[in-house]
Amino acid sequence: MSSKSNPEELDGAQALIKALEQQGVEYIFGYSGGAAIPIFDAIVTTDTKIQLIQTRHEQGATHMADGYARVTGKPGVVLVTSGPGAGNTVTGLMTAHMDSVPIIVLSGQQITPMLGLDAFQEADIFNITMPVVKHNYLVTSTNEIVHTVHQAFAIATTGRPGPVLIDIPKDVSSGMFTATVAPPAQKPAALIAQKPTPTSTDIAYVQNALTSAKRPVILAGHGVLIAGAHAELRQLAQVFDTPVTTTLLGKGAMDEHDDLSLGMLGMHGTAYANKAIINADLILNIGSRFDDRIIGQPDAFATNATKIHVDIDDSEFNKMITVDAAIRADAREFILALLATNTSATHAPWRATIQTFKDNYPLGVDATGQLTQQEVLQAIHAETDGNSIMATDVGQHQMWAAQFYKVRSPDTWISSGGAGTMGFGLPAAIGAQFGHPDAQVVSLSGDGGFQMTLFELATAALYKLPIKIVILDNHYLGMVRQWQELFFDNRMSGVDLEGNPDFVKLAESYGMPALHITDRSRLKEQVAEAFAYTDGPIVLHCEVGKTDNVYPMVPAGRPLEHMLTEAPTEKLEKPTGST
Amino acid sequence: MSGHKYTLKITAHDNIGVIVRIAQVFARRGHSIETLNVVRDDEHDTLPVLYITAYGNKTRIDQIVAQIKKLVDIATVTLNEEQDG
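The listed protein sequences correspond, in order, to chains A and B. Residue numbering for the first sequence follows the numbering used here, beginning at 1 and increasing consecutively. Residue numbering for the second sequence follows the numbering used here, beginning at 1001 and increasing consecutively.
No wet-lab data here; the hints were simulated from the structure. Bear in mind that the values here come from a model prediction, so they are computed numbers and not experimental data. One or more hints might be untrue.
[Said to hold, decoys possible] Some chain A residues judged to face chain B by a derived CB distance under 7 Å, without partners named:
(1) P131
(2) H135
(3) S315
We treat Cβ as the ideally placed atom computed from N, Cα and C, and that holds for glycine.
For reference, chain A alone in the conformation it holds in the complex (with noise of 0.2 Å):
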């Protein structure tokens, strides 16, 4: 079988592999089953050189294919069999569709004439993906499957870049493919042109602005790192001296050590970077889409500002915050217009008024009772210097490392912020260590969300991959926790996670030593004992205080002003906002 150079003799699900092969694909992340088997079958056949990477769950390996693609920018493929296998990818779609990252999830299929007739392991997957999907296919023919999967990389990474799924029919990956495996000549008619560029009366409006202002302040959000504008972005806010404050998913943007940077901005920002959007006179966002979660209130969002949103996507425009103008163009297409007129601003009363928000409202940590999951952090950036590959899951660990992992470069944090996605980090971590096997990668996580997908401490074993796995456990669902505290009279609902593993245990019988820390006199040493571990993944157990609260807050659906920098001392309304 494998050697077979004829194109006349390959089947659909070869012709499926040499496609693969031709958009570069490095690795295919999958779990087999009935329908998909002929296509894990192509992948021995054709001897390709892409390397199949077993998972232990469908969902992680639709995180993995999402960190790798995070941090290499080429798109991450998964390999699934149809019904729960297809469905097992829902959660991963969404969390890359919501946070626009290139992958392409690959699903086994009934065989068409049974399509519809609730045959063994059919799942209509084309339909139940429709809405967290960039745009997905039901291949019914096998000479169509090449031509589809070139479409798919190009959807997927063009534009504003998105999740793609091909569903393929048993039948239609066994037929006989008859028709040309090569590339086609040119991307489709509608994803041509998907690098806009600003007009020149949009960069003289926005150089005046930024000029006159008296108080800009730039918001950076993912489209910058997309586009791969974060030098021009750090060009621009010297130029026009000008800080930057960066969304979850901008961090890496800018140099969080730089002076010009103020961090994350919302709910749980920093207090200097919100007091900055609050009293600024301009706000330039590039990239990002005003996420309820930094805007707060929308009415009331830094209503002194004069708002310019510059978005690859124009139905970002005036979604959550009406604007003075909206530009579509590309990040870097817009920043290096701007910086081709060569001026420049200096801002430097507003800089002092910066520096005294930051000297006055500091990020704290009260380092006195239990061991703590900021300090843990601070460790851990003192050990990497902010270098590392940072891959985050969700709550209250996820919103303590935006504030105190401070980033150095572009596509190293890692992080589902649209769709909050629990279970994310550790097959997220694993994805982006095989698109970068030299860099250092560490996956950080909640006892709550580890639990979620530990079963990929396997994959990480498997292939020795020298990931730094860090459990913050504080035997709670945190940020609910603190919900419940802050808003619904302390009244704990569903938030103990009792009956927790010994994770030290766990790591063991998965064959990776383990270290739990609980002593902050101990902290650095064995944080930097786990650091100089290569031979494959270690697992650090940090047992952190129960009931610690990320400050500072913004309650849901609260203005910025009402940003509580510390443990409120009266009761507060429960939030009218979203989550």
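Once you've looked at the hints, dock chain B against the given chain A.
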């Protein structure tokens, strides 16, 4: 039925599921479609045209139009507000 009546004229590539994709943009927002007509002109080999009417406020309808425009299978969307609707 509240707000003004709008008509969306949509030209779409005739791929499997395209009507579902459009309908989902409305359904996700808890928004109803009042009427839906599909017209095709096989003689001139042009794209099928969908006419959708819906009630709503302008901001919401504009969002729906923007999201439908983003769908890969959609070629064009034009919006008309019905007079005396």
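Give me the numbers of the hints this structure contradicts, sorted from smallest to largest.
none
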